[in-house]
Amino acid sequence: MRPFEYAIARSPRAAIAAFGAAPPDAAAAGGSEYLAGGTTLLDLMKLDVMRPGRVVNINPLQESAGRISAGPRVLRLGAMARMSEAASHPAVRQDYPVIAQALELAASPQIRNMASLAGNVLQRTRCTYFRDTSYPNCNKRAPGSGCAAIGGVNRQHAILGASEHCIATYPGDFAQALIALDAEVEISSPSGVRRFPVSKLHRPPGETPHIETTLAPGELITAFEIAATPLAQRSLYLKIRDRESYEFALASAAVALDLRGDTVADCRIALGGVATIPWRAREAEARLKGRRMDETAANAAADAAFAEARPQLENGFKIELGKRTLVRALLQAATLEG
Amino acid sequence: MGVTMSATLLEPARAKPATAPGTSNPRELHRQTLQVNGKLHHLALDIRTTLLDALREHLGLTGSKKGCDHGQCGACTVLIDGQRVLSCLTLAAVAEGRDIATIEGLAQGDGTLHPMQQAFIDHDAFQCGYCTPGQIMSAVACVHEGHATTDADIREYMSGNLCRCAAYPNIVDAIKQARERMEA
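Top to bottom, those sequences are chains A and B.
Numbering-wise (this note's numbering), the first sequence opens with residue 1 and increments by one.
Numbering-wise (this note's numbering), the second sequence opens with residue 1 and increments by one.
Derived from the structure by calculation, the hints contain no laboratory data.
Each hint should be verified, as a subset may be incorrect.
[Claimed, not checked] Chain B stretches covered by chain A per the calculated footprint, using a threshold of three residues with CB under 8 Å from any CB of chain A: (1) 65-78; (2) 88-96.
[What the hints assert, rightly or not] Derived DEER-like restraints, expressed as beta-carbon distance ranges: (3) B:Asp99 - A:Pro3: 46 to 56 Å; (4) A:Arg328 - B:Gly146: 21 to 31 Å; (5) B:Cys68 - A:Gly261: 23 to 33 Å; (6) B:Asp99 - A:Gly261: 52 to 62 Å; (7) B:Asp124 - A:Gln332: 36 to 46 Å; (8) A:Arg194 - B:Asp99: 48 to 58 Å; (9) B:Cys68 - A:Leu336: 36 to 46 Å; (10) B:Glu104 - A:Asp294: 53 to 63 Å.
Every residue, glycine too, gets a C-beta built ideally from N, C-alpha and C.
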């Protein structure tokens with residue numbers, strides 16, 4: 001691991017100041033990074049993939065930005081709450097099942113005790129070529145160097161949202177659950193507080209795969225907020241993977257349904273394991289709205305969700321797997337009590 | 001391993017203060033305390049030092065094992081404030097002021113083993129033994145969390161601890177025995 005300056009912050013304002021106060025040589029060495037649970041950052045620093053010149057420990061923010069509060073109209077998840085805290089919160093389990101399930105099906109108990117909610121959402125890809133610096137060509141790690149995964153070992157890689165510059169899969173689950181419930185992210189920045197939908201947080205790779213989010217340097221996620229709507233009640237997360245536990249998704253679906261009788265009044269669908277970002281399947285949602293929820297409708301939605309899929313040499317199976325995952329998730333969600 | 005070579009048990013004169021308030025210069029040792037198994041230790045460490053390296057290389061507590069060093073195997077599992085975490089992905093600096101429990105502190109002062117340790121022996125729940133300290137620390141937390149009520153639950157909530165000898169069936173049996181004695 002390379003040397004770094006260490007700072008500890010006790011408020012969002014102090015964190016942003018410490019982040020921006022990194023000296024020029026720190027910026028040359030890779031700028032500043034916030035440290036919460038450390039499950040991504042420490043891992044990638046040991047691999048020499050992330051090389052911050054300054055690390056700002058924001059764990060003291062757990063008191064101010066780590067609370068979970070469930071009101072009658074909104075669920076507020078403090079960004080510094082740990083995955084295990086949110087997953088075990090009674091109101092989350094009862095009224096926002098897709099959130100609890102996405103968290104509980106991710107990682108291991110130890111990692112869930114460590115990782116913050118914001119850190120989870122910002123976790124980096126598991127693409128082998130990104131994680132292994134012995135491969136020189138990775139546009140995400142070294143912009144302009146190429147993509148070793150295209151034409152390489154790419155069974156795990158993305159079939160949606162990829163570009164000729166990067167096909168790395170977004171590995172997480174929780175962001176999809178947030179998107180399925182129209183969650184907003186709250187951000188502290190040097191100019192104040194701003195909010196926007198979680199669905200606008202991640203950027204597809206395009207020509208700049210090293211820029212993964214719409215956050216400006218130093219901006220700090222402080223909370224996620226979810227409105228208590230009928231969508232939240234009838235929601236679930238289905239995750240398909242090579243192992244039954246402690247494994248990333250090959251295909252997953254976060255679905256939320258607002259049913260009036262058998263008819264879909266509203267719905268949200270976000271896919272994991274198959275795309276470069278937490279993937280909102282708007283075309284699939286459009287196919288379902290106003291229709292009777294049955295197997296035919298679910299199949300039509302799944303076809304729409306994967307109509308634009310572009311497989312690589314080894315991951316064509318994800319089209320069929322992704323469709324079946326979504327169909328099963330939709331039909332299961334329809335049987336839940338609203 | 002520059003991290004372990006440049007750090008040392010505290011000799012106060014060797015640890016200089018940081019250059020700016022709230023920050024530390026990477027070339028200077030970071031002075032801190034660690035509370036491990038109820039005992040307070042004063043240390044001066046390279047800021048890069050993980051809790052795992054601090055325990056093993058600087059405090060001589062080699063029970064916690066370095067399997068993968070990347071948070072994938074669970075061999076380094078310790079408890080911080082009663083919660084199981086991975087010491088290989090925790091900076092020692094971040095663990096300051098927290099209550100750290102390792103396998104060395106599990107048995108009673110007179111040598112009587114913790115019910116989980118005894119259960120692992122009774123059920124032959126290890127072969128090479130390398131993953132065992134992490135398995136036991138994780139298992140103790142698993143019982144406390146209430147995630148050890150069924151075989152399926154135990155398998156799911158112990159999935160962060162890999163055993164390359166595949167002693168898994170006996171580990172499940174050991175945890176069930178220990179759960180009864182811990183709850184008695």
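Hint numbers contradicted by this structure:
3, 5, 8
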